[in-house]
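Engineer: Using the supplied hints, reconstruct the complex from the two chains, each of which is provided in its own coordinate frame.
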Amino acid sequence: MKPVAVTGMGVIAPLGNDAATFFAALLEGRSGVRRLQTRYPERLGARVGAPVDFDPALHFPAPKARMLDRVSQLALVAAAQAIEQSRGALDGIDARRAGVFVGTGMGGSETTDDGYHTLYAEGSDRVKPFSVLMAMTNAPAAWIALDHGLQGPALTYSTACSSSAVAIGEAARRIATGEADVMVAGGAEAPLTFGTLKAWEALRTLAAEDPVDPARSCKPFDKNRSGLVLGEGAAMLVLEDLGRARARSAPILAMITGYGLTTDTSHITRPSVEGQARAMRFALEDAALGPDAIGYINAHGTGTPANDPVETAAIKDVFGARAAMTPVSSTKSMHAHLLGAAGALELVVAVLAARARVLPPTTNLDVPDPECDLDYVPNHARRVEAVGAVMSNSFAFGGTNAVLIARI
Amino acid sequence: MSTEDRLRALLVRDFDLQPEAVQPEATLESLEIDSLRMIEILFCVEDEFKIAVPAEHAELKSRLKTFGDLAAYIDTLVAAKPRDPA
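Sequence order for the protein chains is S and B. Taking the working numbering, the leading residue of the first sequence gets 1, the next gets one more, and so forth. Taking the working numbering, the leading residue of the second sequence gets 1, the next gets one more, and so forth.
Chain B extracted, bound-state conformation (with noise of 0.2 Å):
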């Protein structure tokens, strides 16, 4: 599943979104995803994606406008992730 698909999935499932309403060009105001909801979204991601998203990156919300922009970033972060040993 692709990073998209994953994180459409977790805000269904835990933030009460409808499927058809999460679409990349959705605006995260319209997705009534404010900076106190992002937070909890990033807390959840990373547990989802096993990642971690720097402190650093806590104003994010300035540079990710829709879902896409959120979906994109998260899959750098996962791009960059070290791979798990074999």
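Next comes chain S alone, as it looks inside the complex (with noise of 0.2 Å):
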């Protein structure tokens, strides 16, 4: 692919509400998972999850915020801050060519949550007037389009856990085959609400609450691994054409160069190396790439004792004997699962690790596992000479695998 400029990035997310507290934070190894108050607390098998600390009434007037469920208020947030990062990527555009890609996989969940218990639980014949404009699946692209007045395409990527990685790589594309100069691309998820953590739990597929320190709940690439937790966020990139990027002078924070994206056919959630390694490869030859190159991996990493092994199988499938020398950490470890909102805000930390040289950990990761035996980066950054190229891996129930290279 021809390389894309990414020139903001926006986050909101649990450890930090800009990009920078974020990844300081994530660099210090905290944790943002914590117990949850939500409705029906002790109904709740698994209590841990990882929420922002957002007042929507620091960003919107009232009348605003109540058309917005949460999910957008996040995508909103980020997205103006991506913006503002861009000194000026929409200025003098021909909106016809500026668009928004979002991903989300639960859409505007506490709307439905909210909605569902006023009628079944409170025995109420209404609901909020605005309950579809608010739980509608598109309405965080449909308002950053209409907030910042790009009339190309504004869509939504729903691929579970790959959504955001699937809208910034459906993005740059349209960057790089010229149909589209400026992109906003991201994603957003606000999935803490009774309703949706007891889907989840009835999935099985949630972490035990750590009984010694919640906080530690989530164990990636640990023998003792017990499932993933969820967290909420956004995280938007301005994306832009890179010769446009330049002739404004624009901040070029890296560039988008490869993207792979495969389906997995052999089941609705159990993750398979074959796929996984497919949309890695597709990924690095569109970026023209040898495994060599890439000095970072954010991994998927979600925690589950699925997900794991076979992520290190296709990584060892792909890398081969690079894959014992390539630094692999899953960030999921301190921010959780922010599911259609992870691809994104893995992406910006991969370009954050790259431009600040530091590595950031895999925390929770005390004991092995014979069939995890990658360098995980375990619990402490760690400062390298150069980076170079990064990768960042997302896979999804459904079994769409996109995989994302950037480079600074």
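Hints may contain errors.
[Unchecked claim] Calculated cross-link-like contacts (lysine-lysine; reagent style BS3-like; alpha-carbon spacing at most 25 Å):
{"hint": "1", "chain 1": "S", "residue 1": "Lys128", "chain 2": "S", "residue 2": "Lys64"}
{"hint": "2", "chain 1": "B", "residue 1": "Lys65", "chain 2": "S", "residue 2": "Lys64"}
{"hint": "3", "chain 1": "S", "residue 1": "Lys128", "chain 2": "B", "residue 2": "Lys81"}
{"hint": "4", "chain 1": "B", "residue 1": "Lys50", "chain 2": "B", "residue 2": "Lys65"}
{"hint": "5", "chain 1": "B", "residue 1": "Lys50", "chain 2": "S", "residue 2": "Lys128"}
Derived from the structure by calculation, the hints contain no laboratory data.
Structural biologist: Dropping the structure here:
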């Protein structure tokens, strides 16, 4: 793929409400995971999650905030940050050649949860007047387009846990092929509601709360890992034609150079080494790079029993002898799994690691698993001479494997 | 408090309007009350006045032009409301 410039990165996430604060917390190995305050907390089997510290009143007048599900609020603020950081990516654009692609897995789940509670639990016959507009899955993309006047495509990708990696990959393609000049692309998710947590709990994929320290419940690649921890947040990028970005002396934070996308057709949830490996190979081919050019992989690394050994095997399959020398970390150990926002947030992490030349750790990795035997940057951030290109993996229920490669 | 005063208080409290702007002759357009905002206002009105705004009045927008029109309409619904049993 023709390289595409990243000129802005906005983050509202556990551990930080801007990219720099968030990344600094990751380097310190801090955890955003805690016991949640939800409806009926005593009825939750796994009570831990990673919420964001976010006050909508600081960002929206009350009438506007009431029209927005939390997922759209998070998306809008992250997008505004990214656009501001780009120092004028939208100034003087042909609005028809600017668009927004957002990934989200669950959409406006707070609105859905509240609405059902009102109807079924409270016995009311009325739900909030804007329930449809708030819950509709395309609301975050629609609001970003509306607020910033982006008249090109405003699309929503919902491929579960790879949604926002797909959104960014597809947006980068639009620019690389010359169909668009500027794209806002990323993901948002706000799944920490009682109903959504119960649904994930039912699938038996959530981590048990760590009996000593709830903040350490997510343990990717550790022998004692017991599942994923859900988190909320948004990460948005401004992607821009590289020539245009250079011509306007924009801050070029990184370039997206590779995107690989495959679909497993073996099982609705079980990951496949073959499908993941093929997505990584496609991304490398797209970037015209060999495995030796990758200096850091931000793993999908959910901390589920199934994901981590499969991803490890897939990396070995692609990287061969280089696998042992390639640092891989799962920052989900700290910020948890943001589902549809995960791919975007973790690409931001990978880009910031390349820029800072410091690799964020996989925390809570104390007991090695013989099936997970790569260099996971355990427990402490690592300073390196140079990072080179970085890879971010996102694999999903439904089988959509998306891999992004960026370099600074 | 009159219906008009209660409605004004509601618009000021929940819809970021300035009390001095909410006068009987003020057009809904000038108060930036579009069809979507009207739906939300009627929702809040149902709570505030303990009334049900009939669904067939959803096309009210064409008839209600000013804040005074809206207050008068709500007044008719309040007046038609069955009295609470003592």
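Engineer: Does each hint hold? Answer for all of them.
Structural biologist: How the hints compare with the structure:
1. Lys128(S) - Lys64(S): Cα-Cα ~14 Å, so holds.
2. Lys65(B) - Lys64(S): 23 Å, holds
3. Lys128(S) - Lys81(B): Judged against 25 Å, a Cα distance of about 23 Å means the pair holds.
4. Lys50(B) - Lys65(B): 24 Å, holds
5. Lys50(B) - Lys128(S): 16 Å, holds
Of the numbered hints given earlier, the model fails none.
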